[in-house]
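Chemist: Below, each chain spelled out in residue letters.
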Amino acid sequence: MSASLMVMVILFGGIAAGLVGSLTGLGGGMIIVPLLTLAFHLPIPEAVGISLFGVIATSTGAAPRFVGTGLSNVRAALFLQIAASSGALIGALVAHHLPARLLFALFGIVLGYSAIMSFRPQHSDVAGAPESSPLAQRLRLGSRYQQAGQWVEYRVVGVMPGFGIMIGAGFLSALLGIGSGAFKVLAMDRIMKLPFRVSTATSNFMIGITAATSAGFYLSHGDIPPVIAGAIILGVIVGAYIGGHLVRMLPVATLRKLFAVVLLLVALQMLLKGLFNL
Amino acid sequence: MNGIARERRLLNIWILRVSIVLCALLIAMGLAIFFAHGGAHIPATPSGSLRRIMHTAAHASLGLHASAFLDAAIVVLLLTPVARLLVGIYVSARVRDWLYVAIGVLVVALVITGVIAGQSGM
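Chains C and V are the protein sequences, given in the same order. If you read the first sequence in this note's numbering, its first letter stands for residue 1, the second for the next number, and so on. If you read the second sequence in this note's numbering, its first letter stands for residue 279, the second for the next number, and so on.
Keep in mind that the hints were calculated from the coordinates and are not lab data. Cβ coordinates follow ideal geometry from the N, Cα and C atoms, glycine included. A hint or two may mislead.
Some, not all, of what chain C presents toward chain V, calculated at C-beta under 7 Å [to be verified]:
{"hint": "1", "residue": "1"}
{"hint": "2", "residue": "3"}
{"hint": "3", "residue": "60"}
{"hint": "4", "residue": "64"}
{"hint": "5", "residue": "66"}
{"hint": "6", "residue": "69"}
{"hint": "7", "residue": "208"}
{"hint": "8", "residue": "212"}
{"hint": "9", "residue": "215"}
{"hint": "10", "residue": "225"}
Quick list of the computed label-pair ranges, beta carbon to beta carbon [to be verified]:
{"hint": "11", "chain 1": "C", "residue 1": "152", "chain 2": "V", "residue 2": "399", "range": "47 to 57 Å"}
{"hint": "12", "chain 1": "C", "residue 1": "250", "chain 2": "V", "residue 2": "296", "range": "23 to 33 Å"}
{"hint": "13", "chain 1": "C", "residue 1": "4", "chain 2": "V", "residue 2": "374", "range": "49 to 59 Å"}
Anything over 12 Å on all C-beta distances counts as not near chain C; from chain V, calculated [unchecked claim]:
{"hint": "14", "residue": "337"}
{"hint": "15", "residue": "341"}
{"hint": "16", "residue": "350"}
Between the sequences and the hints, there should be enough to build the whole structure, so can you do that?
Modeler: Quick look at the structure:
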């Protein structure tokens with residue numbers, strides 16, 4: 001395949017990643033890494049580094065949806081970002097010393113988990129914790145948001161367990177080139193009892209900064225080939241833009257389940273590559 | 279919406295719009311130059327400090343090389359979440375919330391550490 005044709009195919013792959021990522025909420029990284037490693041045989045550190053830039057593009061493209069809604073909890077985001085960025089830094093350092101097969105296997109497991117989670121029913125906002133924990137009170141993490149013209153106050157608990165999960169989310173993000181949004185939302189929604197909509201908006205803010213921490217590492221380390229990265233980033237921007245317009249017209253819940261089946265197959269292929277080098 | 283929240287919203291929207299449009303335009307120009315040359319010249323993979331990468335890109339731009347625009351786009355995209363983080367710090371400073379100014383500065387330091395650790399080849 002000529003270099004020009006390869007770049008064109010990667011550009012369309014980026015568009016597909018951005019489109020599917022924005023339609024299903026599964027994130028572009030889950031598609032970019034398998035695309036670059038399995039189809040184009042790029043070394044996994046390069047694929048992960050490029051994917052992290054795709055994650056920043058996806059997060060930046062989706063951000064206007066949340067800016068100004070008052071949903072994002074900036075204090076919680078900044079505090080938890082210490083954990084996520086620390087994890088990302090460790091992940092980027094470790095990724096360059098792990099065997100590629102282990103990374104493939106790990107990616108397969110995380111991808112499979114995310115695909116299976118897609119079949120679970122979506123959350124709805126429910127009453128959170130009755131009172132904030134002492135640490136959450138000291139950090140003033142409780143806040144409020146507007147819903148149907150009414151202010152809804154919420155309180156926060158489980159700060160340290162949430163902090164711990166964020167270290168893991170940042171680590172996985174840097175190691176595998178994914179946004180880890182599912183893990184971030186899990187920490188805030190399930191553990192810290194932030195409302196689901198607040199968790200999603202806060203997670204969007206955090207995903208970009210987490211990815212930037214490790215993407216900076218991969219860039220200065222010399223893992224980002226500019227033409228391939230450019231094609232992926234442009235593709236993701238275009239795909240996410242189209243997806244943002246199609247999201248109200250398509251049966252997203254059905255698409256999400258169909259796509260989860262495809263992701264399960266990709267996860268299996270990544271796992272087999274990792275375990276048996278197939 | 280109070281004044282500071284409005285200011286934060288406007289700053290964030292401005293950052294997001296400018297960075298996405300600038301990034302897309304720079305990549306489109308870089309790829310157009312790449313295709314115009316028949317894909318024969320594959321730009322080298324940059325490494326080192328952001329200053330060094332941008333310095334190399336500035337030199338390459340004089341020769342209208344694809345790498346100049348692609349490297350610049352990559353750096354613009356990398357700095358977008360950092361700029362949003364700086365807005366968060368600025369807003370915290372405006373309301374004299376020094377604890378969150380300190381936390382924000384610590385996070386910026388972690389991002390910078392990532393770049394420095396990468397260029398040291400760890």
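Chemist: So which of the earlier hints does this model not fit?
Modeler: 1, 5, 6 and 16
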